[in-house]
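2 protein chains.
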Amino acid sequence: MTRGPLAIIAGAGEFPLRLAAVAAQRGRTVFVAALDGAADPAAFGSVDLQSYRLGQLGRLLEDLRGRAVTDMVLIGSLPRPSFAALRPEASTLRYLPHFARAFRGGDDHLLRGVVSFFEGQGFTVHGPADIAPDMAAPIGALGRKTASTEQKALIARGFELLAALSPFDVGQAAILADHRVIAIEAAEGTDAMIRRVADLVASGRLRIAKGDGVLVKAPKDGQDLRVDMPAIGPQTLRNVAAAGLSGIGLCAGRVLVGDAAALGRHADQAGLFVEGVGA
Amino acid sequence: MTRGPLAIIAGAGEFPLRLAAVAAQRGRTVFVAALDGAADPAAFGSVDLQSYRLGQLGRLLEDLRGRAVTDMVLIGSLPRPSFAALRPEASTLRYLPHFARAFRGGDDHLLRGVVSFFEGQGFTVHGPADIAPDMAAPIGALGRKTASTEQKALIARGFELLAALSPFDVGQAAILADHRVIAIEAAEGTDAMIRRVADLVASGRLRIAKGDGVLVKAPKDGQDLRVDMPAIGPQTLRNVAAAGLSGIGLCAGRVLVGDAAALGRHADQAGLFVEGVGA
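Chains as they are written, first to last, in the numbering used here: chain D, 1 to 279; chain F, 1 to 279.
Take the hints with a grain of salt, since some may be wrong.
Identical chains share a label here; the pair holds if one copy fits it or two copies do between them.
To be verified - Here are the simulated EDC-like cross-link-like pairs (lysine to aspartate or glutamate), alpha carbons at most 20 Å apart as the crow flies:
| id | residue 1 | residue 2 |
| --- | --- | --- |
| 1 | K220 | E160 |
| 2 | K210 | D199 |
| 3 | K210 | D178 |
| 4 | K220 | D178 |
| 5 | K152 | D169 |
| 6 | K145 | D268 |
| 7 | K145 | D48 |
Calculated directly from the structure, the hints in this document are not laboratory data.
All chains should be modelled from the sequences, with the hints used to inform the complete structure.
Have a look at this one:
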């Protein structure tokens, strides 16, 4: 079956740019739908691109159909949308009941609602790693440093912890040090959790020995990796280094790193190991 | 077997005062060893009391033996000790190797080391609830408000979460709201976890509906309730109210509340339910 163009529904950050570049390199026709206030249209270069407010869903669907788009990826971060961004155009009003239902169940429910909406409109929604597998963490070290036997044991323990939390629909990340669990992520997000540990260390309430302390990151069981894949980037590495941790253990194939080689160089500069570990 | 006097090794806060009062009411001869910089000797009234720096362990043992003490409770909070407080007297030096070993394994290990030290010296170490069962959370509401069916379901879910975390030696408390887990306590402590949720709400990153949002608190499996019993107090209630939560679910019999009636009045003032739930 021949597929039509790939639409990239693009939020903020480097990931949408990289995905567009990789897909184009592979000869795929790409259309970028840049979300207003999140994606920077100029950063995408000469690709076919249109910008949309969230309230312009009707127009987006028309443009996707006009280009015979069959496949799409939703990627990049979204700031909390303003009411102005949400203000629906006339062509969008008919779709609102779908999203009103989806909004009621929290973030995960909303994401599932977005996927089911586009699938209901006949599109196939892919995860970024389906289109560009190299954007996910590979198995092994991304930079020069590798995890020691002790650090690997902490990572394995951390993955066990995250798996135990999975039935509770929580826990994408945790920090372990000194044979114990120091921090567990819930609603605050990974960066806030890392800063919390940095604050505990700075205030003298927690001591982390050099070479100890790892961040582990993995998706929850049943997490929809098409629209909700965990991710790390250079800022994560800077935060981890600032907290005095020694490195990061990632669930290989299931955490976005974007450009693994570039992130490996960031790891080397920060003196950290960043390592993908098979689930 | 007749028992000698009960020694209360007293840190800061209301709990040591209450324990001393309850034990005396029950006709037990009480000796209070007030830890310098933590316990306030004047607050204990006319009871037999001596103050000790942490480095005066040898002198403490002599005084315990001089009074024919057989039983003891270690209770109250300890600020991070200064080097001056730790400076050992000559009569304490011989006990240092025991504590040097205990210090190496983290807080839990240290507490077990303290218990094993006093037991090795022939004393029986009790938990505060062994001496004064009323100081632990009873089953049922402490104040006028009781948990609704939905709130009870959140509490049950929270206890399941804490039980799942127990094998990882972490998780004395968590906050749930909107059918999901909002925060999990690790090294930061309960008050810091509650403040984190308050900050997420204040910054608009999290919305908690009125009547939603509960703090759950329970000991880990295998936690030594003699020296490491989870506790809440009026400040916990103020923090919970400030975070916009609706109440607190406690593992009945296994979380210290001190004066349950007084805490119930605090709950009423704060508009919260505080409820003990059977494990």
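Consistency of the hints with the structure:
In this assembly of identical chains, K220 and E160 lie within 20 Å of each other by CA distance both inside one copy and across copies; the values are 11 Å within and 17 Å between. When the C-alpha separation of K210 and D199 is checked against a cutoff of 20 Å, the pair qualifies only within one copy, where the shortest distance is 17 Å, while the shortest distance between copies is 31 Å. Taking identical chains as interchangeable, the C-alpha atoms of K210 and D178 lie at most 20 Å apart only when both belong to the same chain, with a minimum of 11 Å there against 40 Å between chains. In this assembly of identical chains, the alpha carbons of K220 and D178 lie at most 20 Å apart only when taken from different copies (19 Å versus 25 Å within one copy).
For the homomeric pair K152 and D169, the shortest alpha-carbon distance between copies (19 Å) is at most 20 Å, but the shortest distance inside one copy (25 Å) is not. Only within a single protomer do K145 and D268 lie at most 20 Å apart by alpha-carbon distance; the minimum there is 7 Å, versus 56 Å between protomers. In this assembly of identical chains, the alpha carbons of K145 and D48 never lie at most 20 Å apart, being 40 Å within a copy and 60 Å across copies at closest.
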